Amino acid sequence: MSHTSTLHDAPHHHANPTGWRRWLFSTNHKDIGTLYLLFALAMLFMGGASAMLIRAELFQPGIQLLDPDLYNNLVTNHALLMIFGAVMPAAAGLANWMIPLMIGAPDMALPRMNNLSFWILPAAGTMLILSFVVPFFPGGGSQINTGWTLYPPLSVQVGMSMDFLIFAIHLLGISSVLASINIIVTLLNMRAPGMTLMKMPIFCWTWLVTAFLLILVVPVLAGGVTMLLFDRHFGTSFFDAAGGGDPVLFQHLFWFFGHPEVYVLLLPSIGVLSHVIPTFARKPLFGYKSMVGAMIAVGTIGMVVWAHHQYTIGMSLGAVSYFMIGTIIISIPVGLMIFNFIATMWRGAMTFETPMLFAVAIILMFTFGGLSGVMLAVVPADMQYHDSMFVVAHFHYVLMPGAVFGLFAGVFYWLPKWTGHMYDERLGKLFFWINVTGFNLTFFPQHFLGLAGMPRRIIDYNVMFTEFNVISSIGAMIFGFSHLLLLYIVIKTIRGGEPATSRVWEGARGLEWEVASPPPFHTWETPPLIRQEQSA
Amino acid sequence: MNPAAQARNKRRTVWLLSLLVLGMFGFGFALMPLYDLLCQVTGIQSVSLRSAGEAVAEPLSIREDSRLITIKFDTSVHPNLPWDFQPLERHLQVHPGKLYQVNFAARNRSSASVTGQAIPSVAPWQATAFLNKLECFCFNRQTLAGGASVEMPLRFMISPDLPPEIRSLTLSYSLMKPETPAPELAPELAPESAPESARHEKG
Ligand code: HEM
Ligand SMILES: [Cu+2]
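For the protein sequence lines, the chains are A and B, in the order given.
Mind the numbering: the first sequence is residues 1 to 536 in the numbering used here, read in order.
Mind the numbering: the second sequence is residues 1001 to 1203 in the numbering used here, read in order.
Mixed in with the good hints, there may be bad ones.
Label-pair ranges, simulated between beta-carbon atoms [claimed, not checked]: (1) A:P61 <-> B:L1134: 30 to 40 Å; (2) B:A1005 <-> A:F137: 51 to 61 Å; (3) B:D1036 <-> A:G139: 33 to 43 Å; (4) A:A123 <-> B:F1027: 35 to 45 Å; (5) B:R1155 <-> A:A49: 38 to 48 Å; (6) A:T312 <-> B:R1155: 14 to 24 Å; (7) B:D1074 <-> A:L130: 42 to 52 Å; (8) B:H1091 <-> A:G243: 30 to 40 Å; (9) A:P520 <-> B:L1037: 27 to 37 Å; (10) B:A1112 <-> A:T236: 36 to 46 Å; (11) B:A1030 <-> A:I478: 42 to 52 Å; (12) A:L65 <-> B:Q1093: 24 to 34 Å; (13) B:S1018 <-> A:L484: 35 to 45 Å.
Hint data in this document are derived by calculation from the structure and do not stem from the laboratory.
Being a predicted model, the structure only gives us computed values, none of them experimental.
Quick reminder that beta carbons are idealized off the backbone N, C-alpha and C, glycines included.
Using the sequences and the hints given, assemble the complete structure.
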């Protein structure tokens, strides 16, 4: 970085550029973590806006605001923005901020690659948004009306916006593969002396498993969308039956990625809970080893059950039975994690600050989503529920608590550490209650809608579904707008507030609480000594 | 750990992980032959392969049954559509599990180009699920230029699972002018985007 050397003449230290250069050229894990989190927040609002348009349209039967193609374009865009734009970058932001602090490393293992994996994201995000916008320009072709699953043959027929989307997915994939490599290399090689793998904080474990999952499945998705691109432009017929291909192959490639992806979204938040719950129950985590084992089991079995998304494609009885049993078996290690959390709280001296409120709510609501998941795993039942609003209710009940609320809990938990200021606890609790009420109002009625036969991804519905849709849409407005409060709390905390101590929370344990709040730009340049109680 | 050893370890991990990434990218492509292989070795067959195999590749496999079912074709045209529309065969005797084709002739009596949509229905309704159309003009709207006529194919197979008490069935088509225009981009965009939307229509 020659252009910044004028600012600084110490030969050993990195130059610390200021202004926009500080961010664009950053190799500092804390700055990159902040960038990831801000990017995720921006995407959360964009994805939220598309979701609220969807719910506004569904407020009444009939077609009022949108047209069918635009509706489905929004559905596609909402899912991709939330999954690839909001949840994954936010989890990566937490990883960047916390992993080096937690394992006593001065930075990530590959700081310049870290810069690259972040700065690919804004480009990818732009592509993603363009894929939504392009059809509105003359000659822009048709809208992406496939849903985030991008099944051919429809995805082969969509106009050029699909090419933007394929490119965006490639970029997002490269970004998360690079970030995963970085995280694994850091975790395997940069732990402070004395911190064995089995003493590593659970958040680091969850990210180790997550990063491996990403490395195993993202390239397969990249292969799938590459084939799609070739089918669209280069005359191949990977997915075209008329040319000897098979559209079902794409579904296998997609869900080979797609199912492990749900654990990619889930696990980092499980990691956050594994710190939040012991802190506010003032007890060490119950069952550290079983937690690690459960996580690895979820990751491994999760790789081989993908076709539970495809029960209706006409697989043989043997194949569907296998996928059904495999899927139901996964609920055992997932359940084990939940029981560990409950056992951690058992007889603890609990207090309910905002992160803990989220944690308790997550346990309740995520378990509920897991139960509807087991219902969907049962083949004959799924034949009925598949592609109905019941599936929408299921995955929002697992994803919102299991991923998004977990990230909220993490943000409230670590915000004082990052900014050096306590957030406004009263506002935090208010946000929690509005947010969780809005969420349940929005998605609980969708179970009934789905069971009564309302299909997903359709702009219009039968008048008999009106009441529940009205409730759901009102809930969605409450839920959506509640995030403005989150934004306000975060900005307010960044700008000031009661100073935070370095330990922040009375019950907090771990290396990250031994550096000041906010941490200095460089931390753990000499590795700390690991004492016994710092494990887990 | 001294810095040199740590740097060496890091490099090794990076290489291993990069290989894994490349390997998984290749694995995605390898899945194509692998799926076929898996199905051959284990004898797993998807339902569609099974029926396609019987109907096309091995017409006399065990799943085809010897029953003879009578299927009748019936057409009616809504007065709002200036078309003639008839099946070239009024009825057929078919074996369940075997693929058949029947052509329907349509002619536009007017001089303007007209779009029609055929709506199928099956009697008795219990047979509906067992009549599999592999190709049908009713999957899409059909547009005929003024005075033009076409023959449109229907390829179908009756499932071997057809309940034994059903020995004959009727497939009727009502042809009508669609009330809503086909979903399309706004008219002012139409000229530039015509190729795209035309492709889109075919789906
Ligand atoms: C006990 C655990 C779970 C079971 C048994 C389960 C089962 C299922 C099944 C069978 C489906 C397919 C439904 C259909 O399309 O007909 C499904 C869909 C889905 N699940 Fe789960 N699930 C579980 C946990 C999770 C978790 C933890 C997440 C994410 C954090 C998740 C996210 C999703 C998503 C996103 C979909 C819908 C994908 C789509 O079609 O767009 N599930 N689940
Ligand atoms: Cu799944």
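Going through the hints against the structure:
no. : hint                           : verdict
1   : A:P61 <-> B:L1134: 30 to 40 Å  : holds (35 Å)
2   : B:A1005 <-> A:F137: 51 to 61 Å : holds (56 Å)
3   : B:D1036 <-> A:G139: 33 to 43 Å : holds (40 Å)
4   : A:A123 <-> B:F1027: 35 to 45 Å : violated (27 Å)
5   : B:R1155 <-> A:A49: 38 to 48 Å  : holds (46 Å)
6   : A:T312 <-> B:R1155: 14 to 24 Å : holds (22 Å)
7   : B:D1074 <-> A:L130: 42 to 52 Å : holds (50 Å)
8   : B:H1091 <-> A:G243: 30 to 40 Å : holds (35 Å)
9   : A:P520 <-> B:L1037: 27 to 37 Å : violated (57 Å)
10  : B:A1112 <-> A:T236: 36 to 46 Å : holds (40 Å)
11  : B:A1030 <-> A:I478: 42 to 52 Å : holds (48 Å)
12  : A:L65 <-> B:Q1093: 24 to 34 Å  : violated (53 Å)
13  : B:S1018 <-> A:L484: 35 to 45 Å : holds (42 Å)
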